[in-house]
Amino acid sequence: MSLGRSISMGLVGLAGNTVIVEVDISDGLPHYNLLGLPDAALTESRDRVRAALTNSGESWPNRKVTVSLSPAWLPKSGSSFDLAIALAILVAHGQLPQDSIDSTLILGELSLDGTIRGVNGVLPALIAGQRDGIKKAIIPVTNIGEGALLESMNVLAFTTLSQLLLFLRTGSGESVLPPMNSEQAETFLDFEDVAGQSLARFGAEVAATGGHHLLLIGPPGAGKTMIASRIPTILPLLTSDQTLEVTALHSVAGTLSQRSPMSRMPPIVAPHHSATRVSMVGGGSHVIRPGACSLAHHGVLFIDEAPECATGILDSLRQPLESGTITIARSVGNITFPSQFLLVLAANPCPCGKFTGRGLGCSCSSLQVRRYLGKLSGPLMDRIDMRITVEPVGRTDIASTELGESSAVIAQRVLAARSVARERFAGRGFELNSAIPARSLRTDFKPDRSAMNFLHDHLDRQLLTARGLHKVIRLSWTLADLTGRNQPTLADVMKAYTLREGGIS
Numbered sequence: 001m002s003l004g005r006s007i008s009m010g011l012v013g014l015a016g017n018t019v020i021v022e023v024d025i026s027d028g029l030p031h032y033n034l035l036g037l038p039d040a041a042l043t044e045s046r047d048r049v050r051a052a053l054t055n056s057g058e059s060w061p062n063r064k065v066t067v068s069l070s071p072a073w074l075p076k077s078g079s080s081f082d083l084a085i086a087l088a089i090l091v092a093h094g095q096l097p098q099d100s101i102d103s104t105l106i107l108g109e110l111s112l113d114g115t116i117r118g119v120n121g122v123l124p125a126l127i128a129g130q131r132d133g134i135k136k137a138i139i140p141v142t143n144i145g146e147g148a149l150l151e152s153m154n155v156l157a158f159t160t161l162s163q164l165l166l167f168l169r170t171g172s173g174e175s176v177l178p179p180m181n182s183e184q185a186e187t188f189l190d191f192e193d194v195a196g197q198s199l200a201r202f203g204a205e206v207a208a209t210g211g212h213h214l215l216l217i218g219p220p221g222a223g224k225t226m227i228a229s230r231i232p233t234i235l236p237l238l239t240s241d242q243t244l245e246v247t248a249l250h251s252v253a254g255t256l257s258q259r260s261p262m263s264r265m266p267p268i269v270a271p272h273h274s275a276t277r278v279s280m281v282g283g284g285s286h287v288i289r290p291g292a293c294s295l296a297h298h299g300v301l302f303i304d305e306a307p308e309c310a311t312g313i314l315d316s317l318r319q320p321l322e323s324g325t326i327t328i329a330r331s332v333g334n335i336t337f338p339s340q341f342l343l344v345l346a347a348n349p350c351p352c353g354k355f356t357g358r359g360l361g362c363s364c365s366s367l368q369v370r371r372y373l374g375k376l377s378g379p380l381m382d383r384i385d386m387r388i389t390v391e392p393v394g395r396t397d398i399a400s401t402e403l404g405e406s407s408a409v410i411a412q413r414v415l416a417a418r419s420v421a422r423e424r425f426a427g428r429g430f431e432l433n434s435a436i437p438a439r440s441l442r443t444d445f446k447p448d449r450s451a452m453n454f455l456h457d458h459l460d461r462q463l464l465t466a467r468g469l470h471k472v473i474r475l476s477w478t479l480a481d482l483t484g485r486n487q488p489t490l491a492d493v494m495k496a497y498t499l500r501e502g503g504i505s
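For what it's worth, this note's numbering labels the leading residue of the sequence shown as 1, then goes sequentially.
Treat the hints loosely; a few may be bogus.
Now the in silico label distances, taken between C-beta atoms and shown as ranges [to be verified]:
{"hint": "1", "residue 1": "Ser257", "residue 2": "Leu463", "range": "43 to 53 Å"}
{"hint": "2", "residue 1": "Ala15", "residue 2": "Thr311", "range": "27 to 37 Å"}
{"hint": "3", "residue 1": "Thr159", "residue 2": "Ile398", "range": "46 to 56 Å"}
{"hint": "4", "residue 1": "Asp99", "residue 2": "Asp444", "range": "51 to 61 Å"}
{"hint": "5", "residue 1": "Ser285", "residue 2": "Gln130", "range": "23 to 33 Å"}
Hints are computed from structural coordinates only; laboratory data are not their basis.
Backbone N, C-alpha and C fix where the C-beta goes; we use that ideal spot for every residue, glycine too.
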């Protein structure tokens, strides 16, 4: 019997399904038949695999070759099955022992000269393989950084098919071993570069402490982008599990060239205001990939010139803002990606951007100003915790030689306040003030009586929605944590209400 088997992995979103590659070589007219719901890229593997084998000094079976990818019901896409198919063909042709690739997860694309090219989604594939009990994997050298994150799996990486075959047949030759999983030194931006803007800096600190969404409104050049881009530097470093989750998302999306696989820095994603809905929330016809809101998971999603976004783009973020996930429905099925991010929006006060202070330099009519800010829909704005006006930087701030507080100093306060919240919420399934359930806000985590009377009065006067009331309470808990109080007072709630309503007049 001329039969060979190898193991690969099919991804649907972040979920991996073990795929058994079976190859049968039988007598008959030379023919190659691929079974198992392959897409166009996978169907083309025949020519890639054949050229790679012959250019690596191996012989191609001049008989009927049948390749089956099981389970047959699972749609399979991409070129990551090339290497598994090539090795299974060699086993079926009697040129490679079967036990050399047993219980081994094999991933990689083959070029025509036999080079093993990198593929997307290696980390989630390795995680799924580890879940299924696979202890060994063969991957391209390009993806070695992702393999380094799974210390309990024996991950081998090779540059060419010839090197891999020499290793499998004789045990000689060397694979590229994963580097040690250690923290990498990275160059960060720093808040000490921001001149003045004490209110906006404080808003960024509060946002980072409690996970509250932020809107910055100010004229061009006031420092909105500068402040938003530095928020990741005051967020706590990612845990090991969070690092795996973030890297897996970027691996599937193919954006690891912009981020080290072992980076513990919270990501920041800043799509242009002309981005489409699919690029924002994810999607695709055959292969569903995560969008910007998922790539910012455990980090910051920053959208500059927010009112310039096309209709419906920002509103598509309403689901992930509430649930922390985004579900994409396509004909191939429903896929859910995690999307727990801190949303930071930046906007000019008017189309010309000069409606600030007395507004003497502004050439926009009052109707234009209202229409411009009206592009930020009410339901979306109701989900924003803080709206802060960023005033132009004065000459005193620019001329000052004293630097502001550094990111390291602010990060220490953020970490201390988060530790207080983590102890308070121990055993409840959440850690951030922004995640306090509505029921708990009415029972275990109410502000004092005078503060609740203030909120109920504003609710009765329709100055607050029910969601807005909950947002103010959660924000007041963060303010209390930063000042060392055990319970929000009336002053905390009033300040939280001002931060929520103060950005738009």
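Evaluation of the provided hints:
1. Remark: the range hint 43 to 53 Å for serine 257 to leucine 463 is upheld by a beta-carbon distance near 48 Å.
2. Between alanine 15 and threonine 311, the C-beta spacing of about 33 Å keeps the proposed range 27 to 37 Å intact.
3. The supplied range of 46 to 56 Å is met by threonine 159 and isoleucine 398, whose beta-carbon atoms lie about 53 Å from each other.
4. The supplied range of 51 to 61 Å is met by aspartate 99 and aspartate 444, whose beta-carbon atoms lie about 59 Å from each other.
5. Taking the beta carbon of each, serine 285 and glutamine 130 are about 30 Å apart, inside 23 to 33 Å as hinted.
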